[in-house]
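**Q** These are the residues of each chain, in order.
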Amino acid sequence: MNIKTALKGTVWGAVAGLALAPAAFAERGADGHVNIIYWQAPSTMNPYLSGGTKELEVGSLVLEPLARYDETGAMVPFLAESVPTVENGGVSADLTTVTWKLKEGLKWSDGSDLTSEDVKFTWEYCTSEGGGCAQSEKYNDVVSVETPDDLTVIVTFGVPKPFPYGPFVGAQAPIIQKAQFANCTGEAMASCTEQNFAPIGTGPFVVDEFKTNDVVSMSANPNYRDPMKPAFATATVKGGGDAAAAGRSVLETGEFDYAWNLQLAPDVLADMEAKGKGHLEVSFGTLVERIMVNFTDPNPALGDERATAAHPHPFLSDINVRKALSMAIDRELLVEIGYGAAGTVTCNVLPAPAIYASTANDGCMTQDIEGAKALLDEAGWVPGADGIREKDGVKLSLLYQTSTNAVRQDFQAIIKQWWNEIGVEVELRNIDSSVFFGGDAGSPDTFQKFYADLEMYANNFDGTDPEAYMANWECKQAPRPETQWQGNNMPRYCSEEYDALVAEMAKTGELNKRAELAKAMNDMLMQDYAIIPLVYRGRVSAASNTLGGVVMNSWDSELWNAADWYREK
Amino acid sequence: MLHYTIRRLLISIPTLLFISLVIFLLLDLAPGDPMASIPLTVPPEVKEKMREALGLGEPVHIRFLNWMYQFFVVEPQVLIDHIFGTGFAEGKQRIISFQSRSPVMAVVAERMPQTLWVVGLSYIFATLIAVPIGIVSAYRQYSWFDQLGTFISMIGFSIPTFFSGVLLIVVFSVILGWFPSIYDTTLEVTDWSSFLQQVKQMAMPVFVLTLYNAAQVSRFMRASMLDNLNQDYVRTARAKGMSERVVVLMHVLRNSMIPVVTVIALGVPNIFGGAIITEQVFQVNGLGQMLITAIYASDAPMVQTLTFIFAVLIVLFNLIADILYGILDPRIRYD
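So the protein lines, in turn, are chains X and S. Sequential numbering from 1 applies to the first sequence in the UniProt record's numbering. Sequential numbering from 1 applies to the second sequence in the UniProt record's numbering.
Hints in this document: simulated from the structure, not taken from any laboratory. Computed from a predicted model, the values in this text were never measured in an experiment. Heads up, a few of these hints could be off.
[Claimed, not checked] Quick look at which bits of chain S chain X covers, simulated, 3 or more residues with Cβ under 8 Å:
(1) 47 to 59
(2) 96 to 109
(3) 186 to 197
(4) 275 to 287
(5) 291 to 304
Backbone N, C-alpha and C fix where the C-beta goes; we use that ideal spot for every residue, glycine too.
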């Protein structure tokens with residue numbers, strides 16, 4: 001090497017240093033305090049106990065998984081050295097074992113070493129009997145977790161797993177410390193209040209004080225793996241109030257730096273943002289607001305067989321009716337009144353990640369009232385004396401239910417208007433969400449029972465792999481008395497062809513093939529009009545203009561990169 | 001009097017037991033599922049396991065007896081342990097919240113300070129302001145002072161706190177920037193500047209609640225004073241040559257206080273109930289906010305415990321009001 005190249009190297013090094021200036025010059029704790037508001041306050045810091053989004057996200061400031069999803073949905077190693085794949089030998093060829101390598105020198109916030117034992121313990125903790133671990137599904141099919149040395153974890157599944165990133169990946173399945181939680185397994189899980197409120201973690205922050213449903217005070221983790229981070233010495237996560245108050249505190253008064261989940265009317269948000277103290281952060285995951293079509297007859301006269309496959313729906317079993325209902329909807333208007341920048345039109349129930357998104361159904365994007373009328377005429381549904389269409393004595397009169405929520409009630413009212421226009425009578429109903437989404441088999445008002453013709457709600461899936469999500473519409477997933485009305489197949493959709501695709505996906509490992517299968521399933525559901533997608537919903541949060549480094553993420557916790565946040569100077 | 005008090009206390013025991021049963025059954029019959037707020041991505045089998053872990057699999061009467069045992073035996077033991085450092089409650093199951101899986105009473109204790117500060121202080125202010133306003137308004141009926149007092153109390157009565165609260169926030173936090181719109185429950189008053197900050201953050205919620213409470217009490221006070229001012233004994237007192245000061249403040253006021261004392265005493269349990277709406281608006285996160293979030297989350301043990309504590313306080317303050325009658329008016333004696 002001559003002097004010239006050596007000099008060049010130095011110059012380039014200096015330039016690179018300048019580019020990274022905010023991060024490079026900042027020291028741990030140099031930027032003081034960061035104020036975060038979660039208007040639904042976290043009840044606990046342990047995501048294994050709660051399952052709620054607010055707990056997962058706030059917990060993610062302290063607890064970390066082996067790998068997270070970044071803002072594009074790609075996996076990035078956090079505690080692991082790298083993400084194991086079949087190509088790099090981390091996943092065995094038969095797709096049954098995964099070998100994770102931990103980064104070297106990782107420490108818990110109390111100064112002790114993080115070892116593979118902690119990872120193994122996390123699995124034992126969540127699957128222990130009687131604990132009611134909220135994330136136990138993430139550990140499905142895991143038969144053993146081995147720890148040949150301090151840095152190696154070998155996860156073995158009982159069945160081939162084409163997507164083996166359930167355990168220890170994402171905000172839902174972080175690693176907890178064995179030493180702290182050793183006596184908290186099984187039924188003792190709930191009684192370990194001290195541990196659950198202040199878990200020892202590897203993340204950028206440490207819990208100083210936790211007040212349930214109120215406020216969490218945190219300070220920088222002295223043993224965080226990057227000695228420069230986090231830039232903030234202390235952090236507060238405040239809860240309480242409502243979304244409007246939270247938005248105001250960031251966008252209008254500037255008291256807070258980051259406000260989570262601002263599901264407010266688009267014009268209200270725009271007014272707040274116009275004050276110039278902060279900006280909205282929007283990102284899209286997989287959440288789709290949809291209408292489920294009931295393929296079975298919810299007539300109360302049927303007694304125990306009400307809303308079961310024994311009785312097909314009197315008119316919704318006609319595809320023309322389902323299609324006409326979908327055609328009559330102006331999805332763009334729905335987005336405009338309900339979500340603004342936080343929503344887009346979708347014609348798919350599986351809208352993302354990009355490789356899974358189908359374009360075969362995009363015809364739904366434009367409203368076609370006349371087409372819908374013509375379709376119904378053609379199918380023999382003709383307007384009766386009262387203007388409501390009927391055929392063989394069956395009237396197109398339907399009950400359309402959803403949970404109580406201002407935006408949903410607006411949607412109901414406007415959709416009802418369009419359907420009236422095409423000669424369909426609509427009765428609206430809204431049910432308190434704690435009942436509607438509660439799984440009480442004794443209640444007639446749950447979304448699983450579906451004692452209505454149509455119902456509207458939103459759903460998504462964790463992470464980026466749609467296999468489990470698409471399996472929701474298998475025949476056997478239909479809620480019915482034999483399953484105590486549990487199951488995710490609300491439309492009671494049942495097609496052998498669809499079930500075959502589900503089975504095939506479960507044994508297909510190659511990504512492009514999986515994408516094809518998922519798309520095919522989505523298209524089947526869409527072209528059968530079993531589900532009428534309405535809006536592809538994003539998450540909206542607000543960040544102060546003085547807060548830097550925020551990368552909004554819908555695939556993992558929103559606070560996933562809080563270690564990189566800093567104060568704009 | 002003592003005899004009466006003891007008898008009343010004994011009668012209240014079956015009353016309270018009955019109330020606790022009614023609350024429990026109402027909560028049990030009410031629809032709602034503590035798992036409803038968990039994302040749909042968590043499968044139903046897992047939710048079922050979680051429900052079992054919460055003890056929801058047990059039959060109703062077992063759950064009720066459990067709660068009774070926990071409330072009347074375990075929790076007092078915990079309190080005794082806490083004060084004297086003993087170990088009576090060791091290893092015993094306390095009342096656990098469904099949301100946080102932490103002992104309900106610990107959360108109550110955590111929430112008590114901000115509720116007492118904000119709601120309690122506003123109640124004291126309201127009483128201190130309302131009683132003199134009521135007296136002067138009645139004594140100078142239809143004067144400009146009375147008209148103004150009536151006008152302000154009508155405003156206090158008719159404008160709901162969710163409106164006046166947000167209005168204050170918009171004016172004093174957003175536009176003027178004088179006060180914080182969000183209450184900081186972690187603030188500890190250690191020196192002059194933190195005290196000032198505490199005053200600042202309490203200013204708006206206390207004002208909203210004071211206006212609301214003062215409106216009610218001042219109207220009662222005024223009406224009661226007016227009733228008494230025209231009584232014969234007032235004329236007699238004046239005829240005896242007593243000064244107006246003595247007539248109004250000794251004779252009339254004492255007699256007029258009887259109905260007002262009831263209103264004030266029965267309002268005290270509401271302090272502990274917190275101010276649900278005002279606490280939400282200003283994020284005070286006291287007992288009221290805790291109750292409403294527990295209701296939303298179908299957190300039965302927490303709702304049950306809180307409502308029962310309110311029931312106890314209401315019964316207790318009813319008794320206190322009755323005893324105060326006897327002190328204010330010697331003719332009312334219960335023995």
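**Q** Please list, smallest to largest, the hint numbers that this structure does not respect.
**A** 3
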